[in-house]
Amino acid sequence: MQTEPLKQKCEQLLQNLNSQLCDFYAQLRAIHIDQLERKWITISLIVIGLFVGIIVIDAFFHGVNPPGKVETVDSASLHLNKEFAEDNLGVQVDAKGHVTVRMVAGRYSFFPKHIDVPAETPVTFRWVSMDVLHGVHIPMTNMSTMIVPGYVAEIITTFPKPGEYPVLCNEYCGLGHNHMWSNISVIAKENWTAPVKSPAKGVSNNE
Amino acid sequence: MNDAATRKLALSHLWVAFIAFIVACFMGQYQVLERSGFIPALDSPSVYFASVSTHGVLMAFVLTFFFIMGFGYTIATTSLKQPVWNKPLAWAGFWLALTGVVLAAIPLLTGKASVLYTFYPPMVAPAVFYIGATLLVVGSWVWCVIMLVMFMHWKKANTGQPVPLAMFATAMNALLWLWTSAGVALEVLFQLIPLSLGWIDTVDAGLARTLFAWTLHPIVYFWLIPAYTAFYVFVPKQAGGFLFSDEMARLAFIVLAVFSLPIGFHHLYMDPEQAKGWKLLHAIGTFVVALPTLVTGFAVIASLEIAGRLRGGKGLFGWIISLPWTNTMVLSVILSLLMLIFGGFGGIVNASYAMNAMIHNTAWVPGHFHLIFAGTTVIMYFAIAYYFWPTLVKKPLFSSSMALVQLWTWFIGMSILTTPWHVLGLLGQPRRISSVVYNNLLTLAWKPYEFMMIFGGLILLGSACLFIYILAKTQLNPAAEAFDQQIEFAEPIYAVESLPEWLNDIKLWNKVIAVLMAISFGYPILQFFFMDSSGSSPWGF
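The listed protein sequences correspond, in order, to chains V and H.
Sequential numbering from 1 applies to the first sequence in my numbering.
Sequential numbering from 1 applies to the second sequence in my numbering.
Think of the hints as simulated: they come from the structure by calculation, not from any bench.
Quick caveat: nothing in here was measured; it's all calculated off a predicted structure.
For glycine and all other residues, C-beta sits at the position ideal for the given N, C-alpha and C.
A hint or two may mislead.
Said to hold, decoys possible - Here are some, though not all, of the chain V residues that point toward chain H, as calculated from beta-carbon distances under 8 Å:
#	residue
1	120
2	132
3	190
As the list claims (entries may be wrong) - Quick list of the computed label-pair ranges, beta carbon to beta carbon:
#	chain 1	residue 1	chain 2	residue 2	range
4	V	11	H	514	38 to 48 Å
5	V	28	H	281	44 to 54 Å
6	H	47	V	120	43 to 53 Å
7	H	46	V	21	34 to 44 Å
8	H	447	V	71	13 to 23 Å
9	V	19	H	348	48 to 58 Å
10	H	190	V	14	36 to 46 Å
11	V	28	H	106	46 to 56 Å
12	H	540	V	92	27 to 37 Å
13	V	24	H	281	16 to 26 Å
14	H	481	V	49	50 to 60 Å
15	H	198	V	71	48 to 58 Å
16	H	41	V	79	56 to 66 Å
17	H	281	V	93	13 to 23 Å
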């Protein structure tokens, strides 16, 4: 029995809002804006629209996105975690031939310290931190993500050019931050062979 | 502004700001030298990161907060022709903020709070660092309250009259800052202080980063609005002309304040704790906030052109030559706009969603914000100081030719410092490293740019010292005779007689901000309370 007045009230509210918006629009139209300025604002809006349009089209139709898969992990017990236990780190290839790289970041290195990946092949990186905040960037590529403790940072990328690349920590993680880096070899697709069973790779290749 | 007590209040704030600034400039020069590795004896990560943390806090929080407060008191009293409301409260805010600075400085300078000014949990610093930072922010809230009360009082006493543009911008900035600081306040009060005191065992770093991102973008607009205010209310008059449009200026300040708040996730593009849909939403908002800056650029250049033509400038570019280049305010705005154009290009790259991956956390980023903050914004702080000082100390400026040299050298130094910094970022150099120890050929390409940056830093340091010298000399000069200079506000071409209430008040915009913040931060913050996450225990550094 309360519905009638409530409905009326809602209608009243909507009407008010509508008339307020109309007033607002009329007042906005009444503001003195110089012809030149009007043109400039139009140009600005077109340019902004163009940029936003390119970004949105790339995101929706070409899948060009930053990392954004919200997935949690217990950073304090990675050694007990099936996925990120020592034996599972590094490069793995599943039955369908998809390449996945699991990496642990910790003061002050990325583990395993050296990996080989194929060029011109989509590679899924899954990064976790075992202590504080880290970031990882492979210069000259778009393999870049923050590694926040408590979360898995997943990013899929394709390396176009074979070569030796450094893997750098790019977020302040403590006084030894400078020393936090490792290596990755991007190998021409035809020369690359999948690791048979990913062994524990604790051997240092760093200076 | 004839009231000695108000002048003392404004001067005290401005001096704290500029003392923090000059100390931080010396640290900046040390950092660029240490980082280059040319002087092996300097190499020390612990000193370097203590210095970076202190440099960041002094420049981003102390210089800015105290400058904005001193600027606000001056604007409010001169534009409204009212004394400061509740002076004892204003002084309480000053002392609260200063106590906060001193408390935070102790762990910073002794190397116990090298967590950078962005805090970075789960690393923790001693609680006194966070408590000091909190007091500084609470001191700035006192200022916000005083500004808003003075704004309301004036409106009540002058019903229907347009609020002077300068005060409208300042009130908008106070509103903006109250909203902006809420994010970091939540992080510090509910996460960092309890963690560092041991009241809680773990912290969710993802939530902490989200809350900090709430603050991290609009805070730069809080810093920038005094510079834009000077663009609109001082520059046209100083150039010898008129303000192009008073109403558009108000609209620009409104859009700046409203849209700079719900867009902080462009600092989290590369983060795993937020989904890409939210990042895209904030990316679109980030582009919207470019609009008021484009409008401001148009208005300032149009005002300058009017002035140039009134001064006899002819032809397409002749008006530029006939501008009063020897006026400190006019020179500053020209140099400021030049840096804004280049800084703006860089900003569009940063804002561009996935493209951000190329430059995220590389040297490009400090290059960008030095150009746009230390360049565009701080050069206007200098211009405002040169303009206010004769009024505040009742003596003529010690030397305006020295001031011109100071402004030019700041611009040249900033160009030499930030250009190689951007290049280093494109060459893959991470920001926030104290030395280069990567055993990789890539680093060879970095050397010449690091060398150039040292020279840029030296020029800037010299310029900063000259700035302090000019201000001190002006104040300490023996007063020859009664000197009285008033602060003058620019007249718009078309005077505004009446305005719709939403162009003359902040209440509506407060509600709009509340709605936009609920949309853009509501779910992204709430998700942390529903997801199955495990916090991080505290770490030292």
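Tested hints:
1. 120: Violated, about 19 Å.
2. 132: holds (5 Å)
3. 190: violated (25 Å)
4. 11(V) with 514(H): 38 to 48 Å: Because 25 Å falls outside the window, the suggested range is violated.
5. 28(V) with 281(H): 44 to 54 Å: The hint (44 to 54 Å, Cβ to Cβ) is violated, given that residue 28(V) and residue 281(H) are roughly 25 Å apart.
6. 47(H) with 120(V): 43 to 53 Å: Since residue 47(H) and residue 120(V) have Cβ atoms about 45 Å apart, the given range 43 to 53 Å holds.
7. 46(H) with 21(V): 34 to 44 Å: For residue 21(V) against residue 46(H), whose Cβ atoms are near 59 Å apart, the range 34 to 44 Å is violated.
8. 447(H) with 71(V): 13 to 23 Å: Since the Cβ atoms of residue 447(H) and residue 71(V) sit about 40 Å apart, the hinted range of 13 to 23 Å is violated.
9. 19(V) with 348(H): 48 to 58 Å: violated (39 Å)
10. 190(H) with 14(V): 36 to 46 Å: This hint holds: roughly 38 Å between Cβ atoms.
11. 28(V) with 106(H): 46 to 56 Å: holds (52 Å)
12. 540(H) with 92(V): 27 to 37 Å: holds (34 Å)
13. 24(V) with 281(H): 16 to 26 Å: holds (24 Å)
14. 481(H) with 49(V): 50 to 60 Å: Since residue 481(H) and residue 49(V) have Cβ atoms about 59 Å apart, the given range 50 to 60 Å holds.
15. 198(H) with 71(V): 48 to 58 Å: With a Cβ separation near 30 Å, residue 198(H) and residue 71(V) fall outside 48 to 58 Å, so the hint is violated.
16. 41(H) with 79(V): 56 to 66 Å: violated (41 Å)
17. 281(H) with 93(V): 13 to 23 Å: violated (36 Å)
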